[in-house]
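> The residues making up each chain are set out below.
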Amino acid sequence: MSRKITRRKFMATTAAGAALATTFKFPTPAIAQGAPFKLGLLTVKTGGLAQGGIQMEQGVLTWLKEHGNKMAGRNVEFFSADTGGKPAGTKTKAQELIERDKVDVILGPLAAFELLAIDDYIEQHKTPTLSLAGADDLTQRRPNPYFLRPSACSSQAMHVMGHYAAKEMGKKKAITIDWDFAFGYEQEGGFQAAFEKDGGCVVKKLWTPLGTPDYTPYIAQIADCDVVCQGFPGGVPLRFLKQYANFGLKYPLVTGETGGDDALLHSFGDEAVGQISCCPYTLDLDTDGNKRFIAAIQKQFNVVPGFYAAGLYVNCDVVEAGLKAAGGTTDNKEKFMAALKAVDLKDTPRGPIKFDHLGNVVGDFYVRVCEKRPNAPYGLKLWNKTVKTYKDVSQFWTWPEKEFLAHPVYSRDYPPLKKC
Amino acid sequence: MSRRFIVFVAGFVALVTLPYWMPGVYYLNVSSQILYYAVFALGLNILAGYGGLVSLGHAGLFGIAAYAIGYMLQAGYGHPVAILTALVGGMASMALYAVLSLRATGIGFIMITLALGQIIWGLAYRWISITGGDNGINLHGRPHPFGFAINSPVAFYYTTLVVFLLALASVAVFVRSPLGAALMGTRDQPRRMTALGYHVWAIRFWACMFSGLLTAISGVLFVYYTQFISPQALDLTASAEVLLMVISGGAGTLFGPIVGAALVIVVKSVVSGFIERWNMLLGAIFVVIVILMPEGLVPGTTRLWRLARRKAGARASRKTELEAASKAEAKP
Amino acid sequence: MTFWLLLTVNSITFGGLLFLLAAGFSLIFGLMRIPNLTHGSLFMLGAYFGATFAGGMLAITFNFWIAVLMATILVAIFGTVIERFLLRQLPGQQMAQVLVTLGISFIVADFCLMVWGGDPVRVDTPESLTGFIRYGPLVFPHYRLAVIVIAAVATVALWLLLDRTRLGAMIRAGVDDPDMARVVGIRVSQLFTIVFALGAGLAAFAGIIGAPILSVYPGLDQDMLPLALVVVILGGSGSLLGSFVGSIIIGFIYNFGQALLPELSYFVLFLPMLVVLIVRPQGLFGRFVP
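Chains as they are written, first to last, in the working numbering: chain A, 1 to 420; chain B, 1 to 332; chain C, 1 to 290.
It should be emphasised that the hints constitute simulated quantities derived from the structure, not laboratory data. Treat the hints with caution; some may be incorrect.
[As the list claims (entries may be wrong)] Beta-carbon label-pair distances, calculated as ranges:
#  : chain 1 : residue 1 : chain 2 : residue 2 : range
1  : A       : Gly269    : C       : Trp65     : 15 to 21 Å
2  : C       : Phe85     : B       : Arg315    : 28 to 34 Å
3  : B       : Trp201    : C       : Ile77     : 42 to 48 Å
4  : C       : Trp65     : A       : Leu405    : 57 to 63 Å
5  : B       : Gln74     : A       : Ala338    : 28 to 34 Å
6  : C       : Phe85     : B       : Gln74     : 36 to 42 Å
7  : A       : Pro374    : C       : Phe85     : 31 to 37 Å
8  : A       : Gly379    : C       : Gly92     : 51 to 57 Å
9  : A       : Leu405    : B       : Phe274    : 41 to 47 Å
10 : C       : Ile77     : A       : Asp347    : 53 to 59 Å
11 : A       : Lys102    : C       : Phe85     : 43 to 49 Å
12 : C       : Trp65     : A       : Asp347    : 50 to 56 Å
[What the hints assert, rightly or not] Derived SDA-like pairs: lysine to any residue, alpha-carbon spacing no greater than 20 Å straight-line:
#  : chain 1 : residue 1 : chain 2 : residue 2
13 : A       : Lys204    : C       : Thr2
14 : A       : Lys250    : C       : Gly117
15 : A       : Lys126    : A       : Lys372
16 : A       : Lys126    : B       : Ser152
17 : A       : Lys102    : B       : Val270
18 : A       : Lys372    : C       : Asp124
19 : A       : Lys250    : C       : Phe132
20 : A       : Lys402    : A       : His357
21 : A       : Lys299    : C       : Arg134
22 : A       : Lys250    : C       : Leu138
23 : A       : Lys381    : C       : Leu58
24 : A       : Lys102    : B       : Val25
25 : A       : Lys250    : C       : Thr2
26 : A       : Lys402    : A       : Val362
27 : A       : Lys102    : B       : Pro153
28 : A       : Lys250    : C       : Ile133
29 : A       : Lys204    : A       : Cys225
30 : A       : Lys204    : C       : Phe3
31 : A       : Lys250    : C       : Val139
32 : A       : Lys102    : B       : Ser152
33 : A       : Lys102    : B       : Val154
34 : A       : Lys126    : B       : Pro153
35 : A       : Lys204    : C       : Met1
36 : A       : Lys250    : C       : Met1
37 : A       : Lys204    : C       : Pro262
38 : A       : Lys372    : C       : Thr130
Yeah, the Cβ is synthetic: ideal placement off N, Cα and C, and Gly gets one too.
Kindly produce the complete structure, drawing on both the sequences and the hints.
Given below as C-alpha cells:
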C-alpha cells in the first residue's frame, strides 16, 4: 500500500501549503531557483473513466519517486486533481490548479472533451499543458500554442494501422467499429484514410452508443470483409473481444493504442490472441529508458504499464527537459513553452520523440501482434510482440501538411464511404 | 428583532461581502457555482418539493438553455439575443416536457422525465450540426449587462448573486401566493383539489413553466461560467445530482435547495481535493442525512435545534421547579 | 438470414438477463413502492463478488456455480441490512428513499472501484459451457443459450413461489393492498425484508450470470439500471408476467433497434417507454398505476 502513503503525503503537504498560502494571502514571490516547481495533474479517479485516470497518476508518481521528487534540480510540489470525467469538473479543477495552487505546468486531462473545455482557459493563463487527449484539431486546425502532446493524436496510430493492414497484411475490405463519439470518429477516420490510400476500401463503419453493455447487434453486422478495425477505449476492448470471439468470427482484428493497450493484457483472455495493434508505447521495447520505467512502476505499484502510465511518464520527461532548457525557471512563460516545444529526447520509455511546430509528437509507432506466451514477464500469459516499428511518424502520416489540413477534421461522415 | 431576521441579515451581508473575506479567487469561483446551482435546485424544488412531482430529467432543460447560448453565439448573434433564445427555448421545451409528463404522477412522472432527459442527452450527442456532438461548443466571452463587463471572477460573482437573490425572492413570493398554495394543495390532496374546483393540471403546468424559467436561467449562468457546453452536462447523473441537492437540503422548503447545492458542490469541488474517496463520502453523507434528518438538512436542523432547546428549557424549568419545591419544603 | 436468426436468439438471451435484473426491482417496487435505485449497484456488486470467487483472486478458486450461489447470498444479506436498518425507517417517504438508495449506490460504486480497481475484470465462461453450436452459417455460443435456460428456470421458480406458496400469496396480497394485508394479519414488514433480500439476490444473480458476457467494470451499474427501469415501466410494476414480457420486448428492441436504426440508437429504448407511459401509464400488465 505504499502508493496510498505517497499520495497522502503529497496531499497533506500540498493541502497544508495551499491552505496556508490562501488563508494568509501570501504574496506570490518571484519564482527563485530554490522555490518548488509546481506540477498539476488533471485526471479522473472516479466513475467510468477511472481506469485510465488511475494509470495516469501512477505514471507521474513513478517518475517523481524515481527522480527523488526533483525536476531540473528543483523540488516538485505535485497537485493531483480528480475531475470526475465531466468538463464542468475539469474546468473547476483547472481553476483550482492554476488559480489556487499556481501550478507551472498541467498534465492531463484524460478525455478530449475535457481538454476542449479548458482550451481557451489554459491559453489565457499561458499554462503549458501536456495531455494524452487525442483531439486532432488541437494540434491541427485549431492549435493551442500552450498545448503539447508527446503521446499521439487520435488518428496518428490508426494511420499507421491502416497502412499496415493494406500494405503488409494485404487486406482489401475493412469494417470499422467504434464508439459514436469524436475519439472514435478520428481514429476510424485515420484508419480509413490511410487504408484507402494504400489500395484498401472500407465497406462499413459501425458506430455503437457509449456505454453499450452488449455489442452483439453490431457484431451481427460484421460480414463480407477481410479485416475488422476496432478502437474502443478504456476497458471496453475486453468485452468486445470476448463477444466477438463468442460468435465465432474469424476476421483478423486490428486496433489502435487503446484497443490493444498493454495494461489490459492481464485482463484479456485467449480471444485477444492474434489482434494486431499500433501503439506509441509498447511493453517489449528493449531500451534502457523503457526497462527503467517498467522496473520503477513495478516496484512502486506492482502493475504492468500501458499507454496511459507510459504517456504521463514521458510527459514528465518532457517537462524536465524543457525546464532544464529554460534555465530552471518558468518566469518567462513564452520562453518555457518554446523550450518545451524544442525538446528532443532520445531515450524515453516510448523511444525517441520530438515535436512538430503545432505541438504534436513526431515519434516511433510500434505495430504488435498479441500472442500466447505462458511464461511472459511480469506474470502475464499474453504478450504484445512488436512486429514492425515505424520511425518518425508525424500526425500527418505521409501527406504533406498543407494538403492534410485542407481536408476537414475526421468526423462521422469524413472520409465518406466509397463504393468498394 | 427576531432571531430569524438576524440570521437573514447576517447571511445577506456575508454574501454581499464575500469577495472580501473568501480566501482566494478559487473559492470565490466555487461560491459562484454554488449560487447558480442553487438557482437550478430552487427551480427543481418548485416541482419536486412544492408540487410533489419528482423530475429526473431536469438536466435536459438546463442543457437546452446552455446549448441555445452556445449555438446562438457561435452563429454570430449577440449576447442579448442569445440569452433571450435560451430563456424562451428553455421554457418552450419545458412546456413540451410538462404536456408529456403531466399525464402521470408519482413514479410515472419520474420515469417520463427520465426518458425525456435521456432523449435530450442522446440528441446532444447525435445532432452534431447544432451541438457539435461530444466536442461541445466553446464560448468566448461573457455578456455586458448594463454595460458592465463581467469577465472577472468578482464581477461574475456579483452578477450571479443578483440573479440568485432575484430568483430566491421570486420563489418566496410564489410560495406565499395563491398559486403556490394551490400547488401544495395538489401535492397533498389532488383529488380534494379537483373536487373543490381547482384545475389541477393547469396549476401543475404553470408550476412547470416557472420551474423551467429558473432552470433556464441557471443553465445560462452555467454556460457563461464554464465557457463550454457538452453532452456530459445533461446526462442522468447530472439530473440525479440536482435532485439530490433538493432532497438532501430539504424538499419543499425555501432554503433547503440552497444548502443542498452548497453541500454537493463543496464536496465535489473542494473536499475532492483532500479526500480521494469523495464519492463514497458524499454517498455516506446522504445516508447519514436520511438517518438523522430524513426531511432534509434545513428542516432537520431546525427540528433538532428546537428539540435541543426545548429539552434544555424543560430541564431548566424542572430545575427551578425542584428548587422552588425544595425551598417550600425547607420553609417551616 | 443468419443475421435475423442470430439477433433473435440474442434478443431472448439479453431479455432473459434483463428479466433476472428487473424482476427483483419490480417485486420491490410492487410490494414496497420503493424505487430501488441501488439495484444497478447490486447487480455490479454481485458480478464483482462472483468474479472474485470464481476468478482466482482469493486463495481458492471456486467452481463457477458455487461462486454464483455465494455472490447471490452475500448480496442478499447486504440487501437485508439495507432494508432493515435504513429503508424500514422511511415508509412512504419517497424523497428520502430516493436519497438513501442513491447514496448507497454511490458508496457501493466507489467501494468497488477502491477494492477492484479501475481495470475491467474478466470472468471466464464455465468450462462446461464454452464453445458454440454451428447451424450452417449461424454460430451461437453455448453460454448464451444457457442463460436463456437459466432465466426460464428462474422465471418458473419465481412464478411457483408467487402463485403456489403461502409466501407468494402474502406477497401478492401486499402488492394489491398493503393496508388490507396488515388487517388480515400478514406481517408486512417481515415480508418487506424477505422481498428486498430476494430482489437484491436476484440482481446479484443476474450480475454474475451476465459477467461472462458483459465482463465487470466500473460504470456497469449505470449502464444496466436504466434498462431495468425501462423493463419495469414497460411491463408494469409488481407483475412478474409484466417483467417477463417487458424483458423480452426490450431484448428485441435493444438488438434489432440498434442494428436496424443505428441513427436512433440512443432513443431506441426510451422512445417506446415514453409512448407506453403516455398511452398506458401502468405498463402492459401493471397491477396499479404507479
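> With reference to the structure, classify each hint as holding or not holding.
Going through the hints against the structure:
1. Remark: the range hint 15 to 21 Å for glycine 269 of chain A to tryptophan 65 of chain C is upheld by a beta-carbon distance near 20 Å.
2. Range check, phenylalanine 85 of chain C to arginine 315 of chain B: about 31 Å between beta-carbon atoms, so the 28 to 34 Å window is met.
3. In this structure, tryptophan 201 of chain B and isoleucine 77 of chain C meet the distance hint of 42 to 48 Å, their C-beta atoms being roughly 46 Å apart.
4. At about 58 Å, the CB distance of tryptophan 65 of chain C to leucine 405 of chain A agrees with the hint of 57 to 63 Å.
5. In this structure the supplied range 28 to 34 Å holds for glutamine 74 of chain B paired with alanine 338 of chain A, their Cβ-Cβ distance being about 32 Å.
6. Checked against the given bound of 36 to 42 Å, the beta carbons of phenylalanine 85 of chain C and glutamine 74 of chain B, roughly 52 Å apart, lie outside it.
7. Between proline 374 of chain A and phenylalanine 85 of chain C the C-beta distance comes to about 49 Å, which lies outside the given range of 31 to 37 Å.
8. For glycine 379 of chain A and glycine 92 of chain C, the hinted distance range of 51 to 57 Å is satisfied, since their beta carbons lie about 54 Å from each other.
9. At about 44 Å, the beta-carbon gap between leucine 405 of chain A and phenylalanine 274 of chain B stays in the expected band of 41 to 47 Å.
10. For the hinted restraint 53 to 59 Å between isoleucine 77 of chain C and aspartate 347 of chain A, the CB-CB distance of approximately 54 Å keeps it satisfied.
11. The hint said 43 to 49 Å for the Cβ distance between lysine 102 of chain A and phenylalanine 85 of chain C, and at roughly 46 Å that hint holds.
12. The supplied range of 50 to 56 Å is met by tryptophan 65 of chain C and aspartate 347 of chain A, whose beta-carbon atoms lie about 52 Å from each other.
13. Between lysine 204 of chain A and threonine 2 of chain C the alpha-carbon distance is near 18 Å, which keeps this suggested pair within the 20 Å criterion.
14. At most 20 Å may separate the alpha-carbon atoms for a hinted pair to count; lysine 250 of chain A and glycine 117 of chain C exceed this at roughly 32 Å.
15. In summary, the hint linking lysine 126 of chain A to lysine 372 of chain A is not supported, as the alpha carbons are separated by about 48 Å, beyond the 20 Å threshold.
16. Simply put, lysine 126 of chain A and serine 152 of chain B have alpha-carbon atoms about 17 Å apart, close enough for the 20 Å limit, and the pair holds.
17. Using a Cα cut-off of 20 Å, the hinted pair lysine 102 of chain A and valine 270 of chain B holds, with the two alpha carbons roughly 16 Å apart.
18. Between lysine 372 of chain A and aspartate 124 of chain C, the direct Cα distance comes to roughly 17 Å. Compliance with the 20 Å bound is thereby established for this hinted pair.
19. This hinted pair checks out: lysine 250 of chain A and phenylalanine 132 of chain C have alpha carbons roughly 14 Å apart, not beyond 20 Å.
20. Our distance criterion of 20 Å between C-alpha atoms is met by lysine 402 of chain A and histidine 357 of chain A, whose separation comes to about 13 Å.
21. With a C-alpha separation of about 48 Å, the suggested pairing of lysine 299 of chain A with arginine 134 of chain C is violated against the 20 Å cut-off.
22. With a C-alpha separation of about 13 Å, the suggested pairing of lysine 250 of chain A with leucine 138 of chain C holds against the 20 Å cut-off.
23. Restraint check for lysine 381 of chain A and leucine 58 of chain C: the C-alpha separation of about 19 Å stays at or below 20 Å, so the hint holds.
24. Proximity of lysine 102 of chain A to valine 25 of chain B is assessed by CA-CA distance (about 11 Å); at most 20 Å being required, the pair is judged to hold.
25. For the hint pairing lysine 250 of chain A with threonine 2 of chain C, the CA-to-CA distance comes to about 16 Å; that is within 20 Å, so the pair holds.
26. Simply put, lysine 402 of chain A and valine 362 of chain A have alpha-carbon atoms about 17 Å apart, close enough for the 20 Å limit, and the pair holds.
27. Note on lysine 102 of chain A and proline 153 of chain B: the hinted pairing holds, with a Cα-Cα distance of about 16 Å set against a maximum of 20 Å.
28. A hinted pair counts as satisfied when its Cα atoms are at most 20 Å apart, and lysine 250 of chain A with isoleucine 133 of chain C qualifies at roughly 15 Å.
29. Straight-line distance between C-alpha atoms of lysine 204 of chain A and cysteine 225 of chain A comes to about 9 Å, which keeps the hinted pair within the 20 Å bound.
30. Proposed proximity of lysine 204 of chain A and phenylalanine 3 of chain C is supported: the alpha carbons are some 16 Å apart, at most 20 Å.
31. The suggested pairing of lysine 250 of chain A with valine 139 of chain C holds, with an alpha-carbon distance near 12 Å, which does not exceed 20 Å.
32. About 18 Å separates the Cα atoms of lysine 102 of chain A and serine 152 of chain B, which keeps this hinted pair within 20 Å; it holds.
33. The hinted pair formed by lysine 102 of chain A and valine 154 of chain B meets the criterion: a straight-line CA distance of about 19 Å does not exceed 20 Å.
34. This hinted pair checks out: lysine 126 of chain A and proline 153 of chain B have alpha carbons roughly 18 Å apart, not beyond 20 Å.
35. For the hint linking lysine 204 of chain A to methionine 1 of chain C, the alpha-carbon distance of about 19 Å falls within 20 Å, and the restraint holds.
36. Proposed proximity of lysine 250 of chain A and methionine 1 of chain C is supported: the alpha carbons are some 19 Å apart, at most 20 Å.
37. Between lysine 204 of chain A and proline 262 of chain C, the direct Cα distance comes to roughly 12 Å. Compliance with the 20 Å bound is thereby established for this hinted pair.
38. Of the pairs offered as hints, the one joining lysine 372 of chain A and threonine 130 of chain C holds, with about 19 Å between alpha carbons and a cut-off of 20 Å not exceeded.
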